[in-house]
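These protein sequences, in sequence, are chains A, B, E and S. FYI, the numbering used here numbers position 252 of the first sequence as 252, with every residue one higher than the one before it. FYI, the numbering used here numbers position 8 of the second sequence as 8, with every residue one higher than the one before it. FYI, the numbering used here numbers position 153 of the third sequence as 153, with every residue one higher than the one before it. FYI, the numbering used here numbers position 103 of the fourth sequence as 103, with every residue one higher than the one before it.
Warning: the hint list may mix true and false statements.
What the hints assert, rightly or not - Short derived list, chain S residues pointing at chain B, Cβ under 7 Å:
id	residue
1	Ile162
2	Phe436
3	Ile465
4	Pro470
5	Val472
Hints are computed from structural coordinates only; laboratory data are not their basis. Every residue, glycine too, gets a C-beta built ideally from N, C-alpha and C.
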Amino acid sequence: MISQLAVQGAQMLSVLLLAPLLIGFVRKVKARLVRRQGPSLIQPYRDLVRLMRKEVVLADNASWLFRVTPYLIFAATWVAAALVPTFATGLEFSWTADLIVIVALLGSARFFQALAGMDVGTSFGGLGASREVMIASLAEPAMLLIVFSLALLAGATQLSTVAAFMGSPEVGLRVSLGMSLIALVMVAIAENARIPVDNPATHLELTMVHEAMILEYSGRHLAMIELATFLKLLLYMSLIACVFLPWGLDGASAGPKALAIGAAAYLCKLAVLAILLAVFETAVAKMRVFRVPDFLGAALMLALLGTLLLFVSRSL
Amino acid sequence: MNSTVALLLCGPAALLATAVMAAGASRLAAATRLVYGATLAISAVLLATAASHLAGNPGEASATLPLGLPWTGARFRLDGLSAFFLVVVNLGGTITSLYGLGYGRHESQPHRVLPFYPAFLAGMNLVVLANDAFSFLLSWEFMSLASWALVMAHHRDEANRRAGYIYLVMASFGTMALLLAFGLLAGPAGTYAFDAMRTAHPDRFAAGAVLVLMLLGAGSKAGLVPLHAWLPLAHPAAPSHVSALMSGIMTKVAIYGFIRVVFDLLGEPAWWLGVAVLLIGGVTAVLGILHALMEKDLKRLLAYSTIENIGVIFASLGLALAFKANGMPSAAALAFTAALFHVLNHSFFKSLLFFGAGAVLSATGERDMEKLGGLIHRLPVTSFVFLIGCVSISALPPFNGFASEWLVFQAILRSPELPQWGLKVIVPAVGGMLALSAALAAACFVKAFGITFLGRARSAAVERAHEVDRWSLAAMVVLAAFCLLAGILPGLVIDSLSTVTLPLVGERMPVQMAQPWLSIVPIAESRSSYNGLLVFAFITISASLAAFFIHRFASHALRRGIAWGCGFPDAVPAAQYTAVSFAQPIRRVFGGFAFRSRETVDMPAPGALEPARLKVEMHDVAWEIFYQPITGAIDFATERLNHLQFLTIRRYLTLVFLYLVILLLVLALWP
Amino acid sequence: MNGLTFDIAHLLAGSLVLISFMMLYQDRLFALINVFALHAVVLALSVAWQAYIQDAHHLYITAAIALVFKAIVIPVGLHRIIQRLGIHRDIETAVGIGPTMLAGIGLVTLSMVLMLRVTPEADPLAREDLAFALSIILLGLLVMVTRRNAVSQVVGFMSLENGLVLAATGAKGMPLVVEISVAFSILIAFIVIGVFLFRIRERFDSVDIGALDDYRGERR
Amino acid sequence: MTGFSFDAVAAILFIPAGAAAILAAMPNYKMTALVNVIASLLTLLAALSLFVTDRPAPGQYLLVDDLNIVFIVLNTFVGFTTSVFSASYIAHELETGRLTAPNLRFYHAMYQIMMFGMNLAFVSNNIGLMWVAVELATLTTVLMVGIYRTHEALEAAWKYFILGSVGIALALFGTILVYMAAQPVVGEGTNAMVWSVLIEKAAHFDPALLSVAFIFLLLGYGTKVGLAPLHAWLPDAHAEGPTPISAVLSGLLLNVALYAVLRFKLLLAASPQAIGPGPLMVTMGLTSLIFAAFMLYRRRDIKRLFAYSSIEHMGIIVFAFGMGGPLANFAGLLHMVMHSLTKSAIFFAVGHIAQVKGTQKISEIRGLTESHPGLGWALVIGVVAIAGLPPLGIFMSEFLVVSSTFARHPWLAIPLVFGLLIAFGALLLRLTGLAFGEPRGGMAPVEASYVPMYSHLALVFAAGIYLPAPLVAWFQHVAGILG
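Please take these sequences and the hints and turn them into a complete structure.
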C-alpha cells in the first residue's frame, strides 16, 4: 500500500520534472538537425523560473476566470498525466480514471483555455479559441475512436489493463492497431500544437492557434500554461509508449529492480519518440489552417476504420 | 385506491385549481407570488412523494377514477419508471417555480402566463401517471395545449405567433401518430387500458408499425430530426422559465412516453427496431449541435442543444433495445441506465442554462449574443453558475454530463458481443457520431459562454445590466449544485435507477455505492471505472497546491494594463470575435453537407473605397426537404379546389346529377 | 289485369318519356313551356287512368291538380314572366342538343337496367311505371343541368316532379299523404320560386342565373 | 280515475306550432323575442319529460324510441339556447337597421315553424311524414336565409332553394321506392310506410328496389346533411343568413337530415342482399372530410369558414356511422352531439364578433383575446374543441373513431387522419389570426350575454372529462341499435 502510494507520488513528481526536460531535448535535437547549437537542455526550466519571478501584467478587462484558468489547466493536465502509466502499470489511483476520462480531462483543460482566450476581448484571443475548438472538434472524436478500438481489443478502457494486454503475447500484429497508432500520432501532433498543425515558435498572427489564446498571459500564469503544455506532450508520448511500446512495463507492486528497469525503458522510449518528433517537425512544413480539417479528418477516418475492422474481425 | 397514488393525483388537481384561481386573479399585483408560491409548494410535495417511492419500495400502485373513457375509466399507476419521471418533472417544477418567483415579476403579460403555467405542470404530471391510452393522450395533448398558450403569451410578436402555430400543428401530428399506435396496441376490441396492452403482444409487423409511430409521435415532441423544426422556434418564444420547462422537462416527458410504450407495452422488441432508434439518435445528436453552433440567439442555441441531448438519449435507448432484443440484459441495463441518467442530467443543466439566459434577458433585454459580452463583470453569480452549466453540458469531468456520457460510451463498448452484423457496423459509427457531437457541444458552449459573458460589452444594454433578484439566483445555484453532486456521486443516481431498469429490461446495474471511494464500475474494475469524487478532489488539490506554492515562493505581484493584442492599439469592442465569426471555421468544415452553406466574398478593386462584403448563405436542409414540399402541396391543392367555391348553380346541379348517375351506374353494375 | 289496361298505362307512361325527350331539344322558351304543358296533360291522363284501373278515386284529385296547375296555370304564369322580362327569344342551351339527346338515351337505358333487376314478383305495371318514372326524373334533371335560364330550369324541375307523380300513382294503394305532399311541395315550390323571381326581378334585370353568377359565395 | 294525462310528444309538436301562430300575430318585437324564448323553453321541458313519462306505443304516425330521444332533446336544447342568443342578436340587428319589425315577426314565426318541422321529423314513425317534416324545416330555413334581402342573401337563399328542392325530389322518389318495396310484403296502405313495421319485415323486401331507394335517399337527405359534392348550398346559407340561423343550421338541421339517413341505413342493413350502406357512407364521409379540410384554407369570411368545418364534421360523423360497430357508432353519436353544441357555441361567438367588429372578413378581425377577452377566449376554446383537442368532448369521439378504425381497417384510418390534420392546420391558422396579434376592428364592448355560449362550452368540456354512466349506457344501447 505505502509502496504503491510512493510509486504513485514518484510518478506524479517525475512527470512534472521530466516534462520541461523533454521539451528541451526536442528543441535541442531540432537545433542540431539544422546545424545550430541550440539552447541548453535545461533552458525550459530556466524559462519557467524566470516567468514565475516576473510580475503579472493583466489586461484591464480580464476577469477572475482569466486568473483562475492557468491553475485549472495545469491541474487538469497534471492529473491526467499522473494517471498514465509511465514506468509502472497498476498505479494506486489508476482506477479513478480510465482512458476516456483522461481524454476528457485534457478536453476540459482546452475548454478553459479557449474561454480564457476570449476573456480579454481582443480579436486574437477569439481567433485562437475558434480555431482551437475547430481542431478539437475533430481531434477528440478521433481520439475517442482510438480509445474504442483499444478498448475492444483489450476489453477494457482501463489503461493499466490495456497496457498489460498489449504487453502480453496474445496480441499479434493487427491492421487495426497500425491504423490506430497512425491516428493517435496525428491526434497527438494536433493536440500538442506541433508542426504541421500549429507552430509553437511562431507569433505570426495569421497562423497561430495555441499561441493566440495565451497571447495575453504573462508571468506566473504563462509559466503554469507553459508547464501544462509540456506535461501534455509528455502525456501523449507516455501514452503512445505504454500502449504501443509496452516493453519493460511492470506492475507497481513489483520490486524496485523491476521498477528501475521500467524507468530506464521509459526514458529510452521518450528519447526515441522525441527524436522522431524532432525529425518529423524539421522535415515537414506547417500547413494552412484550413488544411488541418483534412489532416484530422484523415485521422478520424483511420480511427473509425480501425474500430470497424475490429468489430468485424472479432466476430470471425 | 392506493394512498400514494391518491396523493400524487391530488397534486395535479391542486395545480389545476391554482390555474383556475390564477385565471381569475391574474391581474392582481400579488398574483405572481401567489401562483408561483403555490406551484412551488405543490411540486415540492409531489417531488417528495415520488422520491420516497423511488427510494423506498419499488412496488406498483394504481388507481382508477370514474372519468375519461367511460368503460375504461381514467386509470393511473405508479411504478419505478413513472416515479423516476415524476421526480424529474417535479424537481424541474419546484426549481422553475422558485425561479419564477423572481423572474415572473418582469413579465409584461402575467395574465397570459400565470393561468397556463400550473396547467402545464399538471399536464406533465398526469402524462407520467396515466395508465390507459385515453388519459395518456388527453394529458399529453393538454400539456401541449398549455405550453402552446404559454408560447403565445407574447402574441403581438409575429414570430411568436408563427412559432405557436407550427408548434401546435406538429404536436397534433404527433398525437395522431400516438393515437394510431395505441389503436394498434388496443386492437379492434378497443382495450385501451395499459394493463391489457401489456399482456397482448402484437405480431412483428404491428410491433414495427408501433415503434415507427412512436418515433413519429414521441419523437416529434422530443425533437428528433427531422421532426424538430418546431422546437427551436417554440422553446425560445416562451418566457424563459417556461422555455426551461419545455426544453428541460417536457422533452423528457416525451421520452417517457417512448419508453413506456416501446419498453413496457410492446413486449419483446426485434433487434432492427434498435437500429432505427440508434441511427436517428446519432444523426439527431450531430445535426442538433451543428445547428446550435451556427445560432447567435442564445435561447435558440440552447433549444438546438436540447435536440442534441435528445439524440444522445435516444441513441442509448436504441442500444438498450438492441441489447434487450439479443437477450443481454446486463448490457441493456447499462445502456438504459445511461439514458435515464442523461435524462436527469439534461433536465438539470438545460434548466440552469435557460434560467441563465432568462437572467441575461431580464438584465439586458437582449437574446442576441452579438449584442452582449463582458457580462461576467456585471452578473458575477449568474455567469459563474452559467459557466458550471456549460461545463456540465459539454460533458467535462467532474460534472454530471460527463458521468452519463461516460456510461453511454461504456455501453457502446459492450456492442461487440452483439450477434447481428448490422449492429456490429452501426454501433461504432453511432459511437463516433456521439463522440463528434460531444466535442462539438464543448465548442458550442465555449462560444455560448465566451461571446455572452466574456470579452468586452458589445452594446450599451450591457453597461446598464446588473445582477438579477435572489430568487432566480437561488434557483440557479441549486441547479448548479445538483450538476456537481450528480457528477461526483454518480453511484447514488445509478443505484436509485435500479428499481426502474429491473422491471423494464429484466436486469439492473451492479450496486455502485458499495464500491471503495464511491467510484462507479459498470462492469468490472479491471475493465473500466470512474471516480468523479477523486478526480474533483485531485484537480482542486493540485490547483490550489500550485497556486499556493507559486504565491508562497514565487512572485505574486500583479499590474493592470491595457491588453497587449500583438501591439495593436486598443480596438473598439466591435473588433472582437462575434458568434458568427467564432463558428466560421466549424462552418467551413461541416457546413457543406449539414447546411449546404456557401460563402461569397466580393472584394472591391484595390483602391476602391466601398467595403468588402462576405455573404454566407445557409439552408435548413430538413425544412427544405420535408416541410416545404408539404406546405407547397397543400397550397396547390387548396388553390385547385378553391374553384369549387365559385361555380354557378347549374354547375353545382351538374355535380349532384353526375354523382347520382355514377351511383346508379355502380348499382347497375353491382353483382 | 287484362292486357289492354296495361297497354294503355304503358302507352301513356311511355309517351311521357317521349315528351321529356321533346323538352330536351327545345331551345326556345315558349316552345319549351308549351311542351311542358303537353307533358302535364299526358301526366294528368295517365294519373286518371291509374285512378280508373285501381279505382282509387283520390287519384282523380291528383290528376286534376296536374291538369289545372301544371298544364294551365304555370305555363300561363311563365309566359307572363317571360314577356315581362323580355327574354322570350333567348337561345339558352348550355350543351349542344346532340350530346344532350345522347345523354338522355343513356339515362333511359340506365333506368331500365336498374328497374329490370327488380324481382318479377313485383307487379309488372309498377315495374314498368317505375322505369319510366325514373327516366323522366333523370331527364328532368338533365334539362335543369343543360339550361342556363332560370325559367327553363323551373320547367325542368317540374317535369321532374311529374316523374315523381307518375311513380307515386303507379304505386298501388299509396296513401293520400303522398299525393298531398307532392301537390303541396309543388305548390310551395311554385310560390317560393315566384317570390324569388319577383325579388330577383327587382334586383337584377333578368332571371338569367348568369346574372346571379357574378356573385358566387365569396367575391374573389 | 281518468284524469288529465300529459302527452309529451303532443306537447313537443303543438307548443312550437301554437307559438308560431301567436308570433305571426304579435306586433311588438320585444314581446315576440320573449315568447320565442319561452316557447322554446317549454318545448325543451316537454322533451325532457320524455325521460320520465312512459312512451306512447309506436303508432302509424308517431314514434318515440331511444334513437330519436337523443336527437329530440339535443334539438330542443340547442333550439332554446339559440332563441336566447337570438333575442339579443336580433335586438342589435334592429338597432343597426338591417332588419325591420315586420321582418322580425316573420322571423320568429318561422323560427317556431322550423322547430316544429324538426321535432316532427324526429318523432314521425312514417317515412312519408318524416319527408314532409324535413322539407318543411328546409323551406322555412330557406326563407330565413333570405331575410336580409341583400344581394348576397338572396343569392344564398336561391342557391339553397334550388339545390334543396332537387334534394326534396330525390328523397321523395326514394321514399316512394321504399313503399314499392314494402307494399308486396306489408300490403297496401299506410302500414307500408310505418317505419317500425318496415324494420321488422325489411328482410323480405326486394333488395334491388331497396338499393335504388337508398341511393336516392342518401343523395336526397345527404344534400341537407351537406355532404360533398352536394354541399354547395351550405357555406353560403350559413354565411348570409342571420347568425342564429347559421347556428341552427349547423347545430340542428344537419342532424335532422342525418337522422333520416340513419333510419334508412337501418332499414337497408336489415335486408342482407341489398348493397351495404356502410361503404357508401364511408366514401361520402371521407370525401366531405378531406374536401372541406382543404376548402378551409382559402376562406375569407368567418361564418363561411365554420360552415365548411361543419361539412368536415358531418363527414366524420357519416364516416363513423358508415364504419359501424359499437365503438364507431358510439363515437358517431357522441361526435354529433358534441359538434352540435360546439358549433352552435362558435356561431354564437361569431355572431357577437361580427356585431362588435362590424365585419365578417377574417382579415379585418385581429387580437380578439386582447380587445374582447371573454369573447376571444370563448372562440379559442370553441375552435380548440372543434379541432378535436382535449380536454373537450370531440377529442373523445375522434379518439374512438381513429383508433378503432386503424385497428380494423388501417388503410381507411390514413386518409381520415390526413383529413383531420389538414383541417386542424387550417382552423388553427385562422384562429391564430383572429384571436391573437395586434387588435384590429371595432373595440366596442359586447352588451349581449355570453351565457348560451359558455353554457355550451361548459357542457362540451364536461363531456370531454366525464360522461355520466346512464348516458353512456344509453348511448351504447343506441349504438347497438345502429348495428
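Hints versus structure:
{"no.": "1", "hint": "Ile162", "verdict": "6 Å, holds"}
{"no.": "2", "hint": "Phe436", "verdict": "4 Å, holds"}
{"no.": "3", "hint": "Ile465", "verdict": "6 Å, holds"}
{"no.": "4", "hint": "Pro470", "verdict": "11 Å, violated"}
{"no.": "5", "hint": "Val472", "verdict": "4 Å, holds"}
Comparing the model with each numbered hint stated earlier shows that hint 4 is the single one that does not hold.
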